Every structure is written in structure tokens, then in C-alpha cells.
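Novice: Use the sequences and the hints to build the structure in full.
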Amino acid sequence: MQRPHRVVSLVLDGALPLDVGIPAEVFHPETGFPYAVSTCGVTAGTVPSHGDFGYAVPRGLDALADADTIVVPGYAPAGRPIPVAVREALRNAASRGARIASICYGAFALADAGLLDGLRATTHWDAAEQLARRHPRITVEPNVLFVDEGAILTSAGAAAGLDLCLHIVRRDLGVGAANEIARGLVTAPYRTGGQAQYLPKSSSAAHGETLAATREWALTRLDKQLTIAGLAAHAKLSPRTFLRRFAEETGSTPLQWILRARVDTARGLLESTTLSVDRIAHEVGLGTGANLRLHFRRLLDVSPSEYRATFSGRS
Numbered sequence: 007m008q009r010p011h012r013v014v015s016l017v018l019d020g021a022l023p024l025d026v027g028i029p030a031e032v033f034h035p036e037t038g039f040p041y042a043v044s045t046c047g048v049t050a051g052t053v054p055s056h057g058d059f060g061y062a063v064p065r066g067l068d069a070l071a072d073a074d075t076i077v078v079p080g081y082a083p084a085g086r087p088i089p090v091a092v093r094e095a096l097r098n099a100a101s102r103g104a105r106i107a108s109i110c111y112g113a114f115a116l117a118d119a120g121l122l123d124g125l126r127a128t129t130h131w132d133a134a135e136q137l138a139r140r141h142p143r144i145t146v147e148p149n150v151l152f153v154d155e156g157a158i159l160t161s162a163g164a165a166a167g168l169d170l171c172l173h174i175v176r177r178d179l180g181v182g183a184a185n186e187i188a189r190g191l192v193t194a195p196y197r198t199g200g201q202a203q204y205l206p207k208s209s210s211a212a213h214g215e216t217l218a219a220t221r222e223w224a225l226t227r228l229d230k231q232l233t234i235a236g237l238a239a240h241a242k243l244s245p246r247t248f249l250r251r252f253a254e255e256t257g258s259t260p261l262q263w264i265l266r267a268r269v270d271t272a273r274g275l276l277e278s279t280t281l282s283v284d285r286i287a288h289e290v291g292l293g294t295g296a297n298l299r300l301h302f303r304r305l306l307d308v309s310p311s312e313y314r315a316t317f318s319g320r321s
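So the sequence shown is numbered by our numbering: it starts at 7 and just counts up by one.
Just so you know, the hints here were simulated from the structure itself, not pulled from any lab data.
Values in this document were obtained by computation on a predicted structure and should not be read as measured data.
Certain hints may be false.
As the list claims (entries may be wrong) - Estimated spans, in silico, between C-beta atoms of each pair:
1. THR316 with PRO23: 34 to 42 Å
2. ALA194 with THR247: 20 to 28 Å
3. GLY295 with PHE59: 48 to 56 Å
4. PHE59 with ARG304: 42 to 50 Å
5. PRO245 with PRO64: 55 to 63 Å
6. ARG189 with GLU155: 27 to 35 Å
7. LYS242 with ARG86: 45 to 53 Å
8. GLY190 with LEU249: 28 to 36 Å
9. ARG299 with ARG143: 35 to 43 Å
10. PHE59 with ASP229: 44 to 52 Å
11. LEU249 with ASP68: 48 to 56 Å
12. THR52 with ARG299: 50 to 58 Å
13. PRO23 with ALA50: 18 to 26 Å
14. LEU249 with THR52: 46 to 54 Å
C-beta atoms are modelled at their ideal positions from N, C-alpha and C, and glycine is treated no differently.
Specialist: Quick look at the structure:
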């Protein structure tokens, strides 16, 4: 029997409660997927939280030595220096090939360990300027939910950590597994990494996702022609206002978002059905198998047949 994929959350002083809880929920073995999740600190014992309680962690930094994935939750205040031993442990883990991810201000720990040099990264928008100023070798992207650089991943604040962890599950086990975990957590199964973190204060739109209903409507009509005029009409907005608000809420254009939704729907069909590539292309509104193959390769760097061979039957 194959051993589970070991996920270890490195809980540092001042850890943010939601950030600590997210990987514990997403990677919990009760989901039925092959993960084992645990926590550690600089040393075993009680780690003070950002609040009036603490976290009991059973192990110290030695737990990172055999972790497959390490998650560093955010901690406050943002940018507080981390112990030298933590930097060394993170660098050692990275050098042996462990995947390392951060949530919110946890990006500062990865940056202090030198793991983000030369890479793109993000953190909570209110600390992005500080991260860029302190670490000029990092390309900081303040307006995205998460950044995937392969073995190193970073996310924005709070709930964006949930998007990142579900993205990791999609990478490991496919869309079906991530969707099942998302249903259990009663959360949206997919928000792209490029989706904006927040609405600019200058926006005339009310704070929140005002176009969520229109996006849900579009997801039920991916096999049909979707136009800016039709989407704007559903949202009861002018096309110009619709385009502006859509970009504010998702970080992309409607057509880019629809293309990604179609490819993701195709991923699910490749995992869970034996439909031909041509048939799936028709079902998701991409027309031909050649068109689906083109976008699959561009967005995922694999062909539909390679994806099906990897993930078929895991849904």
C-alpha cells in the first residue's frame, strides 16, 4: 500500500487561526484522499497564536525533514524575522525537493529563507509593498489569489489559502478530488490564481462579488455561444460596466475566464467519463478536438490524453 502524501504545517509564533485551519481541513485524511496532515513548530509544545490562545504542536522542525509538502500559515505582525533555524530547515527541505507553500504573510518566511528569489510571489495585499521593498529579487504580484511556481507556491490572505490548497489537490489528484473536498467545505471549487484579491476602493461597485450569479449562469451554458453582450444583459449592466466589474472581481476578461472554465470542465469529463476528446470538446463549447488540445497544452502543458491517463478513475 502506497504511503500517504505527508503535509506538514509549520506554525510560527503569532500564527493566524484561519491560516492554520485551512490545510488541516483540506488535507485531512477523513476526506478519503491520500494525505496525512500534521503540525509542527520551532520546537514541540505550545505556539502562541495571533489572539488569546495557542496551538499544541507535537513536533519541532525535525518534522520538516520527511514532509512531502510544507505549508507556512500566515503570522502577525507581517514581516517579523523568523529564527535562523527555520530558514535553514526550509532551505534544506527545498533542496531535497519538498513542495513548499505559504498562506498570507507566511510568504515572508519563504522570502527570508531565500526561496522566492527570482520567482513570482504574492501575499496579502496590505503587505505586498513591504515584501517587494524588503526582497527586491522577488516579483511580487499583489492583485492575485495565489502564484504557482512549481515547487514553491504562495497565496494571498485568509481565504485565498483555501484556493491555494484546493489548487494543490487539483495538481495532485485532479479536478474531481478537489471538487469533492470543496463540496465538503461548502466553498467554491475553483477560483483561478489570477483572480483579483479585492475590489479597488475607487470602484463604484459595491464591495463583494456582484457578478457571481452571472458567472454561475455562464457555467451552465458553456456548450453554447457566450458573448459579452449576452453576459452583460444577464447581469443587467452595460457592456462597458460589465467588462470593468468583471475584471475587478476576477482579474481576467470574460473570454479568458470562460476559456479556463471550459478547459476545467473538460478536465472533469476526462477524469470521469470515456467520452472521446472530440465529444468533450463539443460538450464544453470548444468545438473540435484540435481546439481542445491546443488550449489544454497552452494552459496545462499536457495533452488531453496524457491528462486522462494520469487522472482517469480518480474522481
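Novice: Could you work out which of the previously given hints the structure breaks and list their numbers from low to high?
Specialist: none
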